[in-house]
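S.K.: Sequence:
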Amino acid sequence: MNEKTDFVRDIVAEDLSTNRFQGRVHTRFPPEPNGYLHIGHAKSINLNYGIAQENPGGLCNLRFDDTNPEKEEQEYVDSIIEDVKWISGHDQQKVLFASDYFDQMYQWAVDLVKKGKAYVCDLNADQIRETRGTLTEPGKESPYRNRSVEENLDFLARMRKGEFPDGSRTLRAKIDMASPNINLRDPIMYRIVHEPHHRQGDAWCIYPTYDWAHGLEDSIEGVTHSICTLEFENHRPLYDWFLEALGIYHPQQIEFARLNLSYTVLSKRRLLQLVQGKHVSGWDDPRMPTIAGYRRRGYTPEAIRTFCEKIGVSKKDSIIDVALLEWSVREDLNKHAQRAMAVLNPLKVVITNYPENGSEELPSLNNPEDASAGTRLVPFGREIYIEQDDFREVPPPKYHRLSPGKEVRLRAAYIIRCEEVIKDGAGNIVELHCTYDPETRSGGPAANRKVKGTIHWVSARHAIEAEVRLYDRLFLTADASEGGEAGSFLGNVNPDSLTLLKGCKLEPMLLSAMPGMRFQFERVGYFCADIKDSNPGAPVFNRIVTLKDTWAKIELRGGETAARE
RNA sequence: UGCCCCGUCGUCUAAUGGCAAGACAGCAGACUCUGGAUCUGCUUAUCGAGGUUCGAAUCCUUGCGGGGCAGCCA
Numbered sequence: 001m002n003e004k005t006d007f008v009r010d011i012v013a014e015d016l017s018t019n020r021f022q023g024r025v026h027t028r029f030p031p032e033p034n035g036y037l038h039i040g041h042a043k044s045i046n047l048n049y050g051i052a053q054e055n056p057g058g059l060c061n062l063r064f065d066d067t068n069p070e071k072e073e074q075e076y077v078d079s080i081i082e083d084v085k086w087i088s089g090h091d092q093q094k095v096l097f098a099s100d101y102f103d104q105m106y107q108w109a110v111d112l113v114k115k116g117k118a119y120v121c122d123l124n125a126d127q128i129r130e131t132r133g134t135l136t137e138p139g140k141e142s143p144y145r146n147r148s149v150e151e152n153l154d155f156l157a158r159m160r161k162g163e164f165p166d167g168s169r170t171l172r173a174k175i176d177m178a179s180p181n182i183n184l185r186d187p188i189m190y191r192i193v194h195e196p197h198h199r200q201g202d203a204w205c206i207y208p209t210y211d212w213a214h215g216l217e218d219s220i221e222g223v224t225h226s227i228c229t230l231e232f233e234n235h236r237p238l239y240d241w242f243l244e245a246l247g248i249y250h251p252q253q254i255e256f257a258r259l260n261l262s263y264t265v266l267s268k269r270r271l272l273q274l275v276q277g278k279h280v281s282g283w284d285d286p287r288m289p290t291i292a293g294y295r296r297r298g299y300t301p302e303a304i305r306t307f308c309e310k311i312g313v314s315k316k317d318s319i320i321d322v323a324l325l326e327w328s329v330r331e332d333l334n335k336h337a338q339r340a341m342a343v344l345n346p347l348k349v350v351i352t353n354y355p356e357n358g359s360e361e362l363p364s365l366n367n368p369e370d371a372s373a374g375t376r377l378v379p380f381g382r383e384i385y386i387e388q389d390d391f392r393e394v395p396p397p398k399y400h401r402l403s404p405g406k407e408v409r410l411r412a413a414y415i416i417r418c419e420e421v422i423k424d425g426a427g428n429i430v431e432l433h434c435t436y437d438p439e440t441r442s443g444g445p446a447a448n449r450k451v452k453g454t455i456h457w458v459s460a461r462h463a464i465e466a467e468v469r470l471y472d473r474l475f476l477t478a479d480a481s482e483g484g485e486a487g488s489f490l491g492n493v494n495p496d497s498l499t500l501l502k503g504c505k506l507e508p509m510l511l512s513a514m515p516g517m518r519f520q521f522e523r524v525g526y527f528c529a530d531i532k533d534s535n536p537g538a539p540v541f542n543r544i545v546t547l548k549d550t551w552a553k554i555e556l557r558g559g560e561t562a563a564r565e
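Per the working numbering: the first sequence = residues 1 to 565.
Check the hints yourself; a few may be wrong.
[To be verified] Each computed DSSO-like pair below joins lysine-lysine, with the alpha-carbon atoms no more than 30 angstroms apart:
1. Lys532 / Lys335
2. Lys398 / Lys553
3. Lys348 / Lys502
4. Lys548 / Lys4
5. Lys398 / Lys315
6. Lys174 / Lys335
7. Lys316 / Lys85
8. Lys423 / Lys398
9. Lys71 / Lys268
10. Lys450 / Lys348
11. Lys140 / Lys117
12. Lys174 / Lys114
13. Lys348 / Lys310
14. Lys532 / Lys553
Don't read these hints as lab results, they were simulated from the structure.
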């Protein structure tokens, strides 16, 4: 079996050993369709589907918690179904909706009224707030608390029929206005909302609150372990109270710490602000920590699942270093991504001793990590492009790349030497003149000659051009949700989170990239043909993540040292 | 301030009364036709104080710190 464990799985194992639920394991993932799913939901999906999968006969329901028509939309339902499918790897054969249980819930509310455990309260929202008490003071009982069962039944039926305006009355549980747990101070079960529901239409004008509805949904579905986040911990006594009062099947609620990620925000409210404030192009902007955003960026579901397993599950509030997520993608893509050569910021190089109109095709490994990936032929010629960064007229110490009079290897090709630097009138470097050593062709007689560096290149004559989008972290600060300069988290937004590059020079093979295909651009990073804007023949690439860049680190550190001195 | 929860390397997670371990990050080195990958090594932690015990990260008390709760949101 799986050695993977955490306190939730410990509880499930314990319940299994005591036969508490007749050997069943049944979890659920209960999103509210009021926004797109983000990576925090991936943690929950992974937990719930994971536990179900690990146990023979285990089940996990996808159930929409659609009890608030004011915030919920069909668009969100559709996106969530797609995202759950993508992350969990399961085709969801059955999608459940809390709103399908509205009749049953209403019946149970009537039962509670009959038992004298619920009452219709005529207080308005302000009055209810005023009589709830505070954190340190008990609340006051509602004057309507002791209405007769008959009167309550009558009012409840009329609430349901639509006789009363929004907010004029509520159905409340009769528990304890003096409870130190505020959730137990006669919580509201139904509120009047004359608003069409995305699935129920106008069938209802009273809607159940989360506290009233959630345990019932779990109970109806036979869920054994209802796993939710820490902020519901104080609600568990209420979850238990309703089920107990009704005398119906009673699942176990378990709370775990929600995911927080450094350099990003992970709340639907803030993500909505980013979308509505046009800080990003939409819910699926590749910089968004949404499932849709990561998918478009080029992350794999495997990488996200690996990440979810590495972060573990506990009750401790924490902020996971986003570097672990980035590591997870690299880990996956290193093994699976097809290699390619792409020059993002081109500098032309003329190989002066190469035949004028000559060209050849050089075999190159598709993936050094995977021999079965084979090789491909990359065209080479007298004029090539290299990365501007790979040449320095005055090389800093430890610079292993090209500089005047120095040699580098062109990956899968020849060793070249820089003979001359051509500049324009303004002194900008526009071209390099180099010579090559024909003996040093990869696999050739002098191929083993050692040079300090190897750089990537693209044949000028064969290169295709493409747009490449470099994405960086969306936020400047590790704790992105804390107020930044503007006093809100929006002040932390990284103005350079997107760099648009046009006219990048890519090896011709990339012309036929299908949308969604991932590549490693050697020495640069992992890239994905955009699923919306890219087409075979006119590719557009998104940077998924950079490669680990030791040189950049050395250089950065050098700069810092210099600045300090 | 009432109630609830949580305090272990920089960051996460483990150790379930018996040698504080792993991952990421960092640092140093080896290797390399990707300054990638890989490999090796190194640095760094039980919030404090009492108590129980042969023995405490773990149990108890208490202090401190962090988080949550006063929507007819979830």
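S.K.: Against this structure, judge whether each hint is valid.
M.R.: Do the hints match the structure? See the list:
1. Lys532 / Lys335: holds, 26 angstroms
2. Lys398 / Lys553: holds, 12 angstroms
3. Lys348 / Lys502: Holds - the C-alpha atoms of Lys502 and Lys348 are around 16 angstroms apart, at most 30 angstroms.
4. Lys548 / Lys4: holds, 29 angstroms
5. Lys398 / Lys315: violated, 47 angstroms
6. Lys174 / Lys335: Given that 30 angstroms is the threshold and the Cα spacing comes to 60 angstroms, the pair is violated.
7. Lys316 / Lys85: holds, 29 angstroms
8. Lys423 / Lys398: holds, 25 angstroms
9. Lys71 / Lys268: Roughly 12 angstroms separates the two Cα atoms, so the pair holds.
10. Lys450 / Lys348: Measuring from Cα to Cα gives roughly 24 angstroms; hence the hint holds.
11. Lys140 / Lys117: holds, 17 angstroms
12. Lys174 / Lys114: holds, 12 angstroms
13. Lys348 / Lys310: Violated, at roughly 44 angstroms.
14. Lys532 / Lys553: Violated, because 34 angstroms separates the two Cα atoms, which is more than 30 angstroms.
Consistency with the previously given hints fails for numbers 5, 6, 13, 14, ordered from lowest to highest.
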